[in-house]
Amino acid sequence: MTNLMIGVDWWALLQVTVVTIVASAAIAGLMSLANWFWTPATDSEQPTRSRKAVGWVLMGVMGVIVLGGLYLIIPYFH
Amino acid sequence: MSPEIIVPIVILVALIFDFTNGFHDSANAMATSVATGAFKPKIAVALAAIMNLVGAFLSTEVAKTISSGIVDDSLVSPETVFAALVGAILWNLLTWLFGLPSSSSHAIFGALIGAVLIQAGMAGVHFSVVTSKILLPALVAPFVAGVASYIGTKIAYHGEHNAPKGAKRRYRMAQRVSSLLVALAHGTSDGQKTMGIITLVLVAATLSMRETHPGQITWWSQEPGTSPHWWVILLAGLAIAAGTYSGGWRIMRTMGKGMADIESPQGFAAETASMSAILASSHLGFGLSTTHVVSGAVMGTGLARTPGEVRWHTAGRMLVAWLLTLPAAALVGAGAAWLAHQGAWGFVAVLVVLVVCALTIKIVASRNHVSSENVNDSSEVKVLAKAALTTQTSPIPNPFVPPLPQKLANHPMATTPLRLTKLKKPKKKKAPPKSLHPRRPRRGEQ
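Protein sequence lines, in the order shown, are assigned to chains A and B. First residue of the first sequence? That's -1 in the working numbering, and the numbers climb one at a time after it. First residue of the second sequence? That's 267 in the working numbering, and the numbers climb one at a time after it.
These aren't lab readings, by the way, just hints derived from the structure by calculation. Fair warning: there could be bad hints in the mix.
To be verified - Straight-line distance between alpha carbons at most 27 Å, and here's what the computed DSS-like set of lysine-lysine pairs gives: (1) A:Lys50 - B:Lys434; (2) A:Lys50 - B:Lys420; (3) B:Lys648 - B:Lys308; (4) B:Lys434 - B:Lys306.
What the hints assert, rightly or not - Footprint (simulated), chain A over chain B, 3 or more residues, beta carbon under 8 Å: (5) 409 to 423; (6) 433 to 440; (7) 539 to 545.
Unchecked claim - FRET-style restraints, in silico, Cβ to Cβ: (8) B:Asp643 - A:Lys50: 35 to 41 Å; (9) B:Glu646 - A:Leu12: 35 to 41 Å; (10) B:Gly481 - A:Leu68: 43 to 49 Å; (11) A:Arg49 - B:Pro593: 54 to 60 Å; (12) B:Ala610 - A:Val16: 51 to 57 Å.
Where is the CB? At the ideal position from N, CA and C, for every residue including glycine.
This is chain B alone, in the form it adopts within the complex (with noise of 0.2 Å):
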């Protein structure tokens, strides 16, 4: 396919990506802050998304490297770039779906890996390079967050200076600026993500127009080693900003509630402890995930207040997505690859294969909807449960007992079908002690 039809694709589809990036993170820095009431939930996706809009403008220095050496980049074609897109995306709403916190960054590394591996082999693929910045980074992230988050929330509880209401305020607003910090922070990292994608297509198509038409330049072309475009900065920032508003509450009610019912001081605590990983991380040029790093933090905090509340199979599911991340877009890009590289029709049969699966997610993820309204109402997120649910609150009626009547039928009892609990009966409040020495009446008293 010619470059002018594909770039301008392919940059679409980098943009929905870095949309479904943005509400799938979301929760990363607000699922704490709306849990424990820190914020509401609409305020706090919309200061998430400026954060993360600020951030993306902050820093482009991961955007000039954004495959990182996982891959060798000269391999690279917009067909690769746009099948490791769509494994990404679709891996992403798939976990959505299911409300798991999985990493992005993992997802599109992931496909990228597949996609190289279809079109390149072995050679393509860096094998230490993933073990160094994706596979211990995994591993050592939720740990290295989970245990500062333990410390902290051990400081914080400690002492009953801790326990009034002044000082649980104090611990709200502290959070409320901890959160923001780590949304600022996930922008300046996953925004630039998909800059540098989308500065890679640019420059693999400037090189391979170069070849069929010398001289020309196009509005998207681009050297290699250069820094991306101003258009491409802003319009990665508005996707990953807009797709933050949206607010990935199915992830949030598992981050929030999922793992282990949290207050303020604790939500505090891991917001710090994953503020202080992300921060030291991207100093020190070791990238960690923030989807691991702050579920670490949440099971930490979770830990040092209340062991027995941790929801361990919350935790177990959380892990297998995160086991699966990597293979499972692997697969599905490589599959993409693999029909893309047949030619025109098999570039558009994955685009309708993309379309259809994220259309089907959608259909059957508002069966069970998750939104600022209900986000805090439950710690589960279900799948295909309300059919069954449907059965069981819609009794048959019993032909042989009359109706009851207009005035009686909304009261709970009526509505209840059957209470197994024994009813408490009132307790009587006891009368005080006859005194042994009866006070003497007052004058006027009597």
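Bound conformation, chain A alone (with noise of 0.2 Å):
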């Protein structure tokens, strides 16, 4: 049994399941928090100016992780 785990990369193992879970509850985080601040207060009013920039930053910073992702397994980048 020992000898099975011996070939194991638990080190790259740990840095999948950190990644994956940080990754996801960021990009979700960020989608949420881009929802918040394209949404009025109330029904009537619209959201202001600076809160559609604010929730358009948030939406470009998602959009940069999830090409550094895509730029990490394509070899032909590197």
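From these two lone chains plus the hints, build me the complex, please.
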């Protein structure tokens, strides 16, 4: 049994676990926060221009995270 | 058999496996999007096919080391690969029939292990690598993706600002992007498997031919350690894209509707968790099965919003399929390898068995056809339930009751065999209470 476990890359396993949880929580959090900025306090009014801009900035950050992930898996870019 | 005959046949069978891999795994990227209505079914599979094709061209690193050290590559012959492919195709078709999302990678590796065990014995299989690259990731993948998806869903449903119609529309848009990225990642990893398998066959056949005909070079000759031929990359990419476009609707139903009823924010959270897990594992060289990742993510998102509505029965069936994939594919691979190594007749016999089994599965599946039109109509994939359904819906006519007139025959009440629930009486609208101080009528109202 010990021999079978020798080849396991535990460090890679830990990294995958942490990166997956942190990245998906960050993306969901950014999306949720962007929604908060885009949603007006009451139904009757519109979100202000600054709130809209912050929402778009958050969406941009989210896009950068996703593009970073894609960059990492494509060896052509390295 | 001569390499000139066996190589084209094995390439063809490898492309068929790639096709089954495509339709088996198209649900991984698109099931949640189809279930939530973010994409129409046909558009979803068309886009997934394009992304898979693009993904297949992005990298060929995995293709160079297809067996990943699981078996001793020097012991692999074209017959062994052929047997492994047959085992994997049959397992893929069988799990598709039952609508069970199982890993195509595990199927091919399991079948390869079985075939090598028959050919070279226990020495041919590296069991420590099997543990580290197959068994452990199979345990870890659903758990990691499930936890990530659970947290993502909790965040997405936190606060009232995510409830309005505008927010749901934005989540739907984000879900579209995330599902396309999962399809791309799938093409990058799974598209290369078939390239690797074909390359493995070409290298083995080249080495074998060199012994019998030194100096002879054919259109398919390939040296060990070289990248796949351009036509291999193209054919593998097209085969997986075609398979994806054909749509594994049975598996898509299980994945999208069978485990939990999900909404757009949940679909977004599940796809994001899947994408993060696939990208992180691909970069760090810790291969996770896309099927296991997405299944775990869907379970996680279901648990986060409506824990009571997760269908554990379906999850249990899926778990059994996962556990059986490796040994079952190994068993079929071993049987096929034994037969294929008996000579030309054995090789042909394996081909005949493959065709007969595939046709039988197709005929059985057509009895309860699941397509793009009815994929969201139910959460269950039935295999042998049609006969029972037919007898239930065709009651024996009562000779003592006169037939209904044509006008009433098509009425819903006439076609309903028995109504068990009480009909509710329509509620009468309450008249507004009479005010103690009636308003004085205005001028002109009287």
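Evaluated hints:
1. A:Lys50 - B:Lys434: Distance ~17 Å between Lys50 (chain A) and Lys434 (chain B) Cα, so the pair holds.
2. A:Lys50 - B:Lys420: 24 Å, holds
3. B:Lys648 - B:Lys308: Given pair Lys648 (chain B), Lys308 (chain B) holds - Cα atoms ~22 Å apart, limit 27 Å.
4. B:Lys434 - B:Lys306: 17 Å, holds
5. 409 to 423: holds (count 10)
6. 433 to 440: The restraint on the region 433 to 440 of chain B holds, since 4 of its residues have a Cβ under 8 Å from chain A and three suffice.
7. 539 to 545: holds (count 5)
8. B:Asp643 - A:Lys50: 35 to 41 Å: Check passed, 40 Å falls within 35 to 41 Å.
9. B:Glu646 - A:Leu12: 35 to 41 Å: Holds: the Cβ-Cβ distance is about 38 Å, inside 35 to 41 Å.
10. B:Gly481 - A:Leu68: 43 to 49 Å: 45 Å, holds
11. A:Arg49 - B:Pro593: 54 to 60 Å: 57 Å, holds
12. B:Ala610 - A:Val16: 51 to 57 Å: 54 Å, holds
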